[in-house]
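Taken in sequence, the protein lines are chains X and P. Take 1 as the starting number for the first sequence in the numbering used here and just add one per residue. Take 1001 as the starting number for the second sequence in the numbering used here and just add one per residue.
Treat the hints with care, since some could be wrong.
[Said to hold, decoys possible] Below 27 Å or equal to it, Euclidean Cα-Cα: the simulated DSS-like pairs (lysine-lysine) are:
hint, chain 1, residue 1, chain 2, residue 2
1, P, 1042, P, 1058
2, P, 1068, P, 1058
3, P, 1042, P, 1112
4, P, 1108, P, 1042
5, X, 57, P, 1068
6, X, 13, P, 1042
[As the list claims (entries may be wrong)] Okay, the calculated bits of chain P under chain X, using three or more residues with CB under 8 Å as the criterion:
hint, stretch
7, 1041-1047
8, 1095-1103
These aren't lab readings, by the way, just hints derived from the structure by calculation. Note that the structure is predicted; figures quoted are calculated from it, not measured. Even for Gly, the Cβ is constructed at its ideal location relative to N, Cα and C.
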Amino acid sequence: KAGVTQTPRYLIKTRGQQVTLSCSPISGHRSVSWYQQTPGQGLQFLFEYFSETQRNKGNFPGRFSGRQFSNSRSEMNVSTLELGDSALYLCASSLEGLHLPTDTQYFGPGTRLTVL
Amino acid sequence: AQSVTQLDSHVSVSEGTPVLLRCNYSSSYSPSLFWYVQHPNKGLQLLLKYTSAATLVKGINGFEAEFKKSETSFHLTKPSAHMSDAAEYFCVVSDQSNYQLIWGAGTKLIIKP
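Here chain X stands alone, though its shape is the one from the complex:
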């Protein structure tokens, strides 16, 4: 089975712009979660989508949004970029998602976003 894929791998944007990141989960997985990873804050949960519905959301401003399509692929959008949004954005897929504590999350390689 192919793993979780994320595109693009690297992105450079300027302040005020918006960006869309894409995540393709493992075939058959219905849950996609997004995380932001920075050296200072570590890994922080953004949101989880399950069967096209946002099921859970972390403590991020409304500039961060996402969606999931019927084939379980997910996109994450950040509007009005700020310097502090520079980070590695990781997505993870799983069969049943975070509501099942024992479910294993499989991570993609991430998208490195740099905001200038």
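Fit chain P to the known structure of chain X by using the hints.
Okay, now just chain P, sitting in the frame of chain X:
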């Protein structure tokens, strides 16, 4: 609320010697606990998970962890370090109150030749 503390930000060992990465957790529920590894410029990979079955959990690449409820610990060990083990390791607890994963700050494992 659940929380997880990785007691060392960096651990340095010589190749062939044992590895110990320490993790303490706080949980109101019977927790699910995980260890993930992240190699440079790569995504996160699950090493092992504890889900209230056996307290000694074996994972990939020779790693194992022991769940100790009385000590609220879930330390990761490996008998003999290999150069390829150099990476960052994350201890994670599943927060069943809000269905999120709570991540430790990470421990960078350095292997000396």
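Evaluated hints:
Simply put, residue 1042/P and residue 1058/P have alpha-carbon atoms about 23 Å apart, close enough for the 27 Å limit, and the pair holds. Taken as a hint, the residue 1068/P and residue 1058/P pair is honoured in the structure, with Cα atoms around 15 Å apart against an allowance of 27 Å. Restraint check for residue 1042/P and residue 1112/P: satisfied, since their Cα atoms lie roughly 21 Å apart, inside the 27 Å limit. Distance hint between residue 1108/P and residue 1042/P is fulfilled; the C-alpha atoms sit about 14 Å from each other, no more than 27 Å.
Restraint check for residue 57/X and residue 1068/P: not satisfied, since their Cα atoms lie roughly 31 Å apart, outside the 27 Å limit. A distance of roughly 22 Å separates the Cα atoms of residue 13/X and residue 1042/P; the hinted pair therefore holds under the 27 Å criterion. Coverage of the stretch 1041-1047 of chain P by chain X holds. Counting CB-CB distances below 8 Å, 6 residues qualify, and the rule asks for three or more. Given a C-beta distance limit of less than 8 Å, the hint that chain X covers the stretch 1095-1103 of chain P holds, as 6 residues qualify and 3 suffice.
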